[in-house]
Every structure is written in structure tokens, then in C-alpha cells.
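K.L.:
Chain by chain, the residues run as shown.
2 protein chains.
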Amino acid sequence: MKKEPVILITNDDGIMAPGLAVLVEIMKDFGKVIVVAPDSPQSAQGHALTISAPLRLNKVERFEGIESYECSGTPVDCVKIAKSVILKGRKADLCVSGINHGSNAALNVIYSGTVSAAMEASLEEINSIGFSLCDFSMQADFEPFRPYIREIVTHVLDKGMGNTRLLNVNFPRIPSEDIKGLRICRQANAKWVEEFVEGKDPHGGTYYWLSGEFVNFDKGTDTDIWALDNGYISIVPVHHDLTNYQAMDSLQDLVITEVEL
Amino acid sequence: MKKEPVILITNDDGIMAPGLAVLVEIMKDFGKVIVVAPDSPQSAQGHALTISAPLRLNKVERFEGIESYECSGTPVDCVKIAKSVILKGRKADLCVSGINHGSNAALNVIYSGTVSAAMEASLEEINSIGFSLCDFSMQADFEPFRPYIREIVTHVLDKGMGNTRLLNVNFPRIPSEDIKGLRICRQANAKWVEEFVEGKDPHGGTYYWLSGEFVNFDKGTDTDIWALDNGYISIVPVHHDLTNYQAMDSLQDLVITEVEL
Chain A
450 MKKEPVILIT NDDGIMAPGL AVLVEIMKDF GKVIVVAPDS PQSAQGHALT ISAPLRLNKV
510 ERFEGIESYE CSGTPVDCVK IAKSVILKGR KADLCVSGIN HGSNAALNVI YSGTVSAAME
570 ASLEEINSIG FSLCDFSMQA DFEPFRPYIR EIVTHVLDKG MGNTRLLNVN FPRIPSEDIK
630 GLRICRQANA KWVEEFVEGK DPHGGTYYWL SGEFVNFDKG TDTDIWALDN GYISIVPVHH
690 DLTNYQAMDS LQDLVITEVE L
Chain B
450 MKKEPVILIT NDDGIMAPGL AVLVEIMKDF GKVIVVAPDS PQSAQGHALT ISAPLRLNKV
510 ERFEGIESYE CSGTPVDCVK IAKSVILKGR KADLCVSGIN HGSNAALNVI YSGTVSAAME
570 ASLEEINSIG FSLCDFSMQA DFEPFRPYIR EIVTHVLDKG MGNTRLLNVN FPRIPSEDIK
630 GLRICRQANA KWVEEFVEGK DPHGGTYYWL SGEFVNFDKG TDTDIWALDN GYISIVPVHH
690 DLTNYQAMDS LQDLVITEVE L
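Here the protein sequences line up with chains A and B, keeping their order.
The numbering used here runs 449 ahead of the 1-based position in the first sequence.
The numbering used here runs 449 ahead of the 1-based position in the second sequence.
Derived by calculation from the structure, the hints in this document are not laboratory data.
Treat the hints with caution; some may be incorrect.
Partner residues aside, some chain B positions facing chain A, computed with beta carbon under 8 Å [unchecked claim]:
1. 558
2. 632
3. 652
4. 684
As a list, the in silico EDC-like pairs of lysine to aspartate or glutamate whose alpha-carbon atoms are at most 20 Å apart [what the hints assert, rightly or not]:
5. B/537 to A/698
6. A/508 to B/650
7. A/608 to B/702
8. B/608 to A/698
9. B/608 to B/650
10. B/640 to A/574
11. B/668 to A/519
We treat Cβ as the ideally placed atom computed from N, Cα and C, and that holds for glycine.
Looking at chain A on its own, in the form it has when it is part of the complex (with noise of 0.2 Å):
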């Protein structure tokens, strides 16, 4: 008989959020689900990761018949203490986070703790997938997308990834009759284009609080920006090595020191 698949699931929104509610419904039919989530929302907490202070963890009852924990650090922080000290060591066969309130498509995708903390359990060579939807409401339906992770979860589980551990997958926010399918894409060059609004508190302080307007610097229609407004899911495969190789040549002439191999 096969063994259960044992599938960690967290996200950034923290554990209180919808979309981590909806993702553990689905996800449960597909194999014992370990839930750790962050106790408190953290959003755009990119890669962070608490060294300096300890970590708190907490048994807590969030979903019926499901183990779960809240833990005071951040998303990251989620995946790493999960590994250690809940799952021991024993390797997670799938890990999922979201589902996102809010895009985690094109340039999002440094800034996002929910993408940031699949890429953690990717790093541990466990496939994993972040999913998001293009709603920042605490209200979004994501009841259109059930079917779509169901697909995406089953094959992964089935047939593996290819070549990568990580699939960022961002739903766009049209009823289900408008879903016009999977695609996979590269990640638009489209970003927040962002400007502070200065205030003043109530003693008289100024403070700066940021806002800001999405923009897409990319013509492409293979990237995710394109997939999401033409109707499709967007599943961009993800790494983690930032190295720019095509920029290495160019700059050999920054080496001061010839060096012999």
C-alpha cells in the first residue's frame, strides 16, 4: 500500500486567514496535513527569517481533526520550525502555502512570505507550491479554484514538478465560467510603483506609510501578468540561485588579479 503523503501547510496571511482555511479543506483529502502558520499576519515579509530572538510554537485546535500550530515568527521561520521540531527531520512529501490573499505574480514574488515560504521547503528538496489570489479581501471567494488546485496537487503528487521544486501558481479574480485554464509562464517584469503618504499621528509625528499603483514594464504574453489578464492561472516554475550568468563575462574585466586554475 502506498504511504500517505505527509503535506505541510502554511501561509502569510496567518492562521486566522480564510484562504489557509480553504486550503486545508482541499488539501486534507490528499494526505495527513500538518498545519504551521504564522500567529499574526506577515504579509511582504519576503525571506526573512528570525535569528535573534527566540520562536514561540503553539498546539492549537484551527481545523477539525488536523495538527496545527501557530508560531510567532515569520513565514520562513513556519517551514523551518516545522522541519525541526515538528516533523523531526522526517521530509515533507508536499508543501503548500496560501492560498494568498492578494498577487503574488511577476516582481511580488521577492517581496511575498507565502512564495517565500514554499521556496524554504524547496530548498529541503520538497516540492512545493504557493498559491495566491489576485483579491487582497479578506472576503475573496475562492471557491472558483477548488477544482484547479485539486488538478495541480494531484499531478504534482502523481507525476512530480519536471525540472523545478517550486510553482508559483496566482489565480486571477473572475467567476469560474471565465477560467480559461493553466499556463505555464515566466515572471513579468510588472512591479508596485510606489510613493509614500506622509501624515501626522495623533502627538504630532510624522510618519510615512506606503502606497502605491501595480505596473506592467512587460509586453510579453508568456508571462504571468499576461495569463492572469487574458483569463488563465498562472503557474510560474521557481529557483533560487539569482546568479546572473549571462552578466559573468561581461564583467571580467572588473577582476583585477588574473587567476590561474
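Based on the hints, put chain B in the right spot on chain A.
P.N.:
Frame of chain A, contents of chain B only:
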């Protein structure tokens, strides 16, 4: 007359870190320096940014004759607020981050506040450099590396940085006479293999504190870790496109709906 370059300096060890002071002292010979650094240590903050809370920004007298600010946010917040609030959209000619107390080579790059701050500037098409010394001590000796920082900065200001916008520079912890020179490298597959130390706080509560050891899984002689272990200063050109292009074809069978373009 050539216009004096505007140089933005930040770090993740905070406004009081000795490494920042060394970098400011070096950089003031190259142009108009503006310092915006976190008001407290922000190591391992990765690309975290602050969206659900306001930021504070205070002008401080920290370096003689240098316009300096401390910011309550992350390193990435510092770069964003420098751009919008201090430079008011005027583009810096160079952003340097560091000198970090501790290595940002190999996979450390994805957790690094130092490199993430420089990456944030690179997203604005500003040439950016993260400098780190492989010595976590606050008493680390940065002296041997001053001439190399001068060389790199001179080169970048005069000739640019080839096809990239971001360099991750790491210095080995060795005496001057043992430094063999600079080396253009790829990011090694090397990382912290971690565990949590469990303890009891004074009130009897259980805490978990991250610990671990750095392990190199990469036998290549073209990596930053090899360079550092063999007496070189490592320079990795870094980019922010996390797409795993090589995996895209291998995922096509995941696409349920065939798409006619």
C-alpha cells in the same frame, strides 16, 4: 564639469554598525553620500517590507558632514523611503549596502537584508552593490578590504557593471597579504543546515531559537564559496528574475487546457 554622483548607502546591521561607518568613510570620496539605514539591527530580513504600519524617518548626526537618516523599517524600506521621500524621485547613481557583519555568499543571499536592499535599488535601475565580510563580529576588521572597495566602486562608476545591475561582493576573513584578488563567481549551493535549540524562559514557557552550521553542497570551483575559501573576494552578479526557465517545458503536461494564441 562632470556632475558629482549621488550615492545612497544603507545596510541591515543598523545605523550604528561599524561596517556602515567604514563604507561611508570610503564612499564620501566618490560623490554626494546620503545614508538611510535601519534604526535597529535588521539582519536576515530578506526582502521584507512594511505595508501595514507607518514608518518613521529621523535625520541624525551620525557621520560628520554626511546627510544621514535612521528609518524604523527594514533595509528594503530604507531604500524605498530614500527614493521617494529624501531623493524625491531623483535617481541615485549608485547604491551600496553594508559592509555587512557576516557572509552573504551562497544561499545566504536570499535571506540577506544587505543584498535585498541593494536589489531593491537595482529594481529602480540603479547600479547597486552589497558588500559583506565573512565575520559576524561587531569588532570585525574591515581595513584590508578598503582598497578593493575603492577599486570596485571606481570601476562601476566609470565603466558600469556589464549586463547586470547588482553585485553581491563578499570578503574572506583573512589578512591583507593573503588576499589573492577578485573573482567573478556563481552563487554556490551552500547554506545553513539548521536546528532549533529548545529552552525555557524565566516564566516556564518553551521557546525555540534558531541555530545551525553552514554546509557547502557544491563541489564547483566557480562558486563564491570556493573563491572565499581560497583567498579571493567573491563577486556574484545577481538578478531578480526567479523564473526557472529550464523547467518550463517539463511542466507543459500540467496544463489542462491547450491554448491557441
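K.L.:
Honestly, which of those hints from before does the structure not fit?
P.N.:
Checked against the structure, the hints that fail are numbers 3, 5, 9, 11, while the rest are satisfied.
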